[in-house]
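Assemble chain B onto chain A, guided by the hints.
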Amino acid sequence: MKCPSCLGFLHTATPKCPQCGLTMRRLDVKFGVVPHQQTTLTDRPGRLPAREARILRRLLSSFHGRFPQCFFSVFLSEQLPGPIGEYIFWMANRARLGNLQATGPANFDLLLGIDVDARTAALVVGYGLEQYLTEDDLERVLLPATGAFHAGDFAEGIRICIELLTEKMKSLVVASEQGQPVVSTSDPVS
Amino acid sequence: MKEIRYGRGLRLGVSMIAALLVLFTFVPGLAAQTPEETRDEAEQFAARPIPRELKIFAVLLLVSAAGAGLYLAFRAWRYSNLFDRQYVFPPAGEATLRLGGSRSGGCMATIDFATAPADPPAAITPQKPEETPPP
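Respectively, the protein sequence lines represent chains A and B.
Going left to right, the first sequence walks through residues 1 to 190 as the numbering used here numbers them.
Going left to right, the second sequence walks through residues 191 to 325 as the numbering used here numbers them.
Bound-form chain A, shown alone:
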């Protein structure tokens, strides 16, 4: 597992990054008040056409219908006060998204954030999904959307991410039901 700020390796359940000293409290001070977010999709810069936004909201609701434990939220933002990695980690822990009571291993939520100014995107999962989805898996979901994001077609990029994640998570649940090992060994959770 990497630190959201310095990308240094985190060996243990550390309350503070040993390399850069990152803590949630420090991010609270840095980012301040948590902005209001819609449960499914928030488009602050207004880059999504209304029709596309409606379709994406329905897709995200449909995702929750398939995976009732998981709330998949997406936000587009601009002029973030910090790197997308730090910001999305802070948002995933502080914003009022999904099931607020679900903490620790009971949290299966996903959050996709797009910084349209810095042209970066990040996808983060809750503790519950860590033993199923590794950072490599998340990268494999994000990378195919790079072209659409680069072309400014954010709706298409988000749709690609939703579809790839749906297929990946379906296969993971089916595999776990059949007793196959689904816990990743490539990126161990310390």
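Simulated from the structure, these hints should not be mistaken for laboratory data.
The beta-carbon is built from N, C-alpha and C at its ideal position, and this holds for glycine as well.
Any given hint might turn out to be false.
[Claimed, not checked] Away from chain B, derived, C-beta distances all over 12 Å, residues of chain A:
#, residue
1, 32
2, 35
3, 44
4, 46
5, 48
6, 79
7, 81
8, 99
9, 142
10, 155
[To be verified] Now the stretches of chain A that chain B is said to cover, found in silico as 3 or more residues with beta-carbon under 8 Å:
#, segment
11, 21 to 31
12, 56 to 68
13, 120 to 127
Just chain B, lined up with the frame of chain A:
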């Protein structure tokens, strides 16, 4: 103080209402007669057709209402989970909370889309075999 007596008046009122009811029930002349429609009026009413525009409007309204209903039903069907099952992950074991995050420990991936993505690998993209120039 004067005593108020209701008994006689009440009896008189009830008797009068009962008498009126009997009169209106059994004496046909007192009941209001429904005027019968004359033949001329009936013919006049039948001869007045419904305007064509109104018919077209009604049909269009019906078709558009049916279309909207079908569209909404199709949309609801498409985005609902009618023919798919629900996927539930088995409850996770212990999680190691990191960096003070109670919901997420920062398991994430980031991308930078400022530059265009690289071309797909050669193994995926079919390539024509290079033509060797004739000697």
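Going through the hints against the structure:
no.: 1; hint: 32; in the structure: holds, 17 Å
no.: 2; hint: 35; in the structure: holds, 17 Å
no.: 3; hint: 44; in the structure: holds, 18 Å
no.: 4; hint: 46; in the structure: holds, 19 Å
no.: 5; hint: 48; in the structure: holds, 16 Å
no.: 6; hint: 79; in the structure: holds, 16 Å
no.: 7; hint: 81; in the structure: holds, 17 Å
no.: 8; hint: 99; in the structure: violated, 9 Å
no.: 9; hint: 142; in the structure: violated, 5 Å
no.: 10; hint: 155; in the structure: holds, 14 Å
no.: 11; hint: 21 to 31; in the structure: holds (count 4)
no.: 12; hint: 56 to 68; in the structure: holds (count 8)
no.: 13; hint: 120 to 127; in the structure: holds (count 8)
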